[in-house]
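Novice: Residue numbers (our numbering), protein chains in the order written: chain U, 297 to 708; chain E, 32 to 368.
Hint data in this document are derived by calculation from the structure and do not stem from the laboratory. The model shown is predicted, which means the values in this text are computed figures rather than measured ones. No residue lacks a Cβ here, since even glycine has one placed at the ideal position from N, Cα and C. Please note: incorrect hints may appear among the correct ones.
[As the list claims (entries may be wrong)] Below, in silico cross-link-like pairs of lysine to aspartate or glutamate (EDC-like), each with a Cα-Cα straight-line distance of 16 Å or less: (1) E/K346 x E/D332; (2) U/K577 x U/E609; (3) U/K694 x U/D604; (4) E/K72 x E/D212; (5) U/K577 x E/E345; (6) U/K547 x E/E345; (7) E/K187 x U/D678; (8) U/K634 x U/E662; (9) U/K547 x E/D39; (10) U/K635 x U/D604; (11) E/K245 x E/E158; (12) U/K309 x U/D698; (13) E/K187 x U/E662; (14) U/K694 x U/E565; (15) U/K630 x U/E668.
[To be verified] Partial chain U-side listing against chain E, Cβ under 10 Å, derived: (16) D403; (17) I407; (18) R433; (19) R483.
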Amino acid sequence: MMPRSRLISILRKNGLHANQLLTGSTKAAPAWQPNAAVKNDVRPFSAVAQEQRPHSDTPSTVDYSHLYSTAYHPHSPEPNYPDLGPTSKLNLFTAINSAMQTAMQTDPTAIMFGEDVSFGGVFRCSQNLREEFGEERVFNTPLSENGIAGMAVGYASAGGTSIGEIQFGDYIFPAIDQIVNEMAKFRFRSGNQWNCGGVTLRAPCGAVGHGALYHSQSPEAYLAHTPGLVVVMPRGPRCAKGLLLSAIRSKDPVVFLEPKILYRSAVEEVPDADYEIPLGKAEIIRPGNDVTIVGWGAQLRTLQAACDLAAKEGISCELIDLRTILPWDSDCIKTSVKKTGKLIVSHEAPITCGFGAEVVATLQQECFFHLEAPIQRVCGYDTPFGLVFEKHYLPDEKKNLDAIITVMEFSL
Amino acid sequence: MIRLRKMDTILHNAQRQGRISFYMTHHGEEAIHMGSASALKPQDHIFAQYREAGSLMWRGFSLEQFCNQCFSNDLDLGKGRQMPVHYGCRALNYHTVSSPLGTQITQAVGAAYKFKLDAMANPKKEESAISIVYFGDGAASTVDFHSACNFAATLKTPMIFFCRNNGYAISTPVEDQYAGDGIISRAPGYGMAGIRVDGNDIFAVHAAVAKARKLALETSAPVMIEAMTYRQGHHSTSDDSSRYRDTDEVKEASDVADPMVRFDRFLKHFGWMDDNTVASIEDEERIAVLRAMEAAEARPDPKLATMFDDVYHEKPPHLIRQEEDLKRHLKKYKIPH
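If we strip away everything but chain U, and leave its shape as in the complex, we get (with noise of 0.2 Å):
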């Protein structure tokens, strides 16, 4: 069991004041040094845990803080990409320009429509698409969300690649039942006649400090309700060209959630090539041994940000993107737990049933016996976003730090 001085410790350390203390485990358990944590060293939490488990292949952790704008948290290293030869330092809109840019000069069927989306987009992703491939194929269509996804939905069926915008995730309520009811069974009830795997459908999402009640939304959860479906979401400008990529030339029905927070203020070296990053498959974007933590789009910002404060109390993170909600990789999420014996899953969206309560549930059935601690979930609370107190609604890296601690705890 930690002592309570030190744990009391690290939480002042970091501006937290506890007047109360968390929950303890009754059980004894060895007294750990701290150490004098090294940048790039970070040991195991308990002495005996270190015996059980094997240490793990330090990464020597690249600097890419200077890339980075500091509007948000600017910390997210790419670990483990090939060579994909010359980069070119773009933020996430020019990074989605590009990959579109790429999909529609390879593939004569793709159009790109939504609305505002000729003049560049509200968000400029679509800049610079018209020019190059005229109006037939780059344009704005009147101002209906269900519209935008039937018809992509009706290109598609027709044997071209459709790629719609919806101006922002909280607007795509009304396309629901296209995308629901049409686009994600449209295979399936055909006998595979039919398909719609030409459709994706991008949307930005998430938290962008004054968005308020319908400019912050994450709608990740509904639309993974929905078999039939993909649904993904980039952290940043390098995986999300080649997210994007992967989206648009799927054979699948796509949703891209777009992190708004990002658009400018995420900058990253992007390959100029054309690259696809696979669909349905999560990422470890930092190797550790003492507590497995999830999550997805900018919200890895903010783990990134709690997993150096863990850091420095030599807890090893392991962090690990999805990437792709649906189909999503509980492989990769249940190889990392059995290792660390310990989650914790954070997202924006509200908690009830959000996407989290599925990776809880499924990891708690298949790997119970692995776990030393409660999962935690760090998320949005229940209440619709409001604009006042964004700041304490985030889950941000100090209650994230919090769970670690909670969990870490609770270990032996």
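Since chain U is already given, all that's left is putting chain E on it; use the hints.
Specialist: Here is chain E on its own, set in the frame of chain U:
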């Protein structure tokens, strides 16, 4: 038309006998199907609502194929996944019917847009295609109808909006459905050409669709047709229309205004048909339907192995696992399947 009428009568009765789970008839609307489908080209895509099987029949869907779908057997092109009458046939460019109303209308706009781009790339006019979307007076109230009309006219997509105004949406008469002048009055509001036609006159329907198709291709624009008709049958086998309308009303429609009665009278007027020939055609078709039905009924279900197929292009890991779970369960408890 006779074939369709016979198929409807026999399969409706089959549902009443418990041999199929559900059926919808087309009594009174046969001229709409045959008149319109005969004016289209094979490359035109049909987006149907659910009461247009005659169009599919015109294109060549066989009685056996209709019955296979209704009996959900191993030869059903839809692999037994949908309720009866939810036909679809890729080879005949007939999109699979889905139960949500009106969703096919916006989809038809997307398909027409594809054909528009195809026509720009391919100068051979005889290969140009349109999409035609059928919908009823009720479906014309849905959100997709309105979005689709606006999109089609604004984006200039070559297509036909074909409304079967048959007086009822289940039990809801048109007086409860709209206050305007039918559906066609909406067309100029959206910026598209339109025409109202006698839906029980097979020639009128054919002429209107032929002209509309030509206009749609020449101007690359949508055209709306409202065909006035009457739904003589119940909405479906789950409906008893005597609960909300007079049998006199139905009788007049079927005796006087029925498209097949009118066509029959026309043919006889010119001496091109006589009662004996009609009777023998009716007999032939009745026997053909019965044979097809018996053959379909005798066939087995699709294989259980198809249950988890086609959700995605490639079966993902979680569905492979769920399929294994089901197999294990069936084996463990020796459940026949």
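Novice: Which hints, by number, does the structure contradict?
Specialist: 1, 2, 4, 7, 9, 10, 13, 14 and 16
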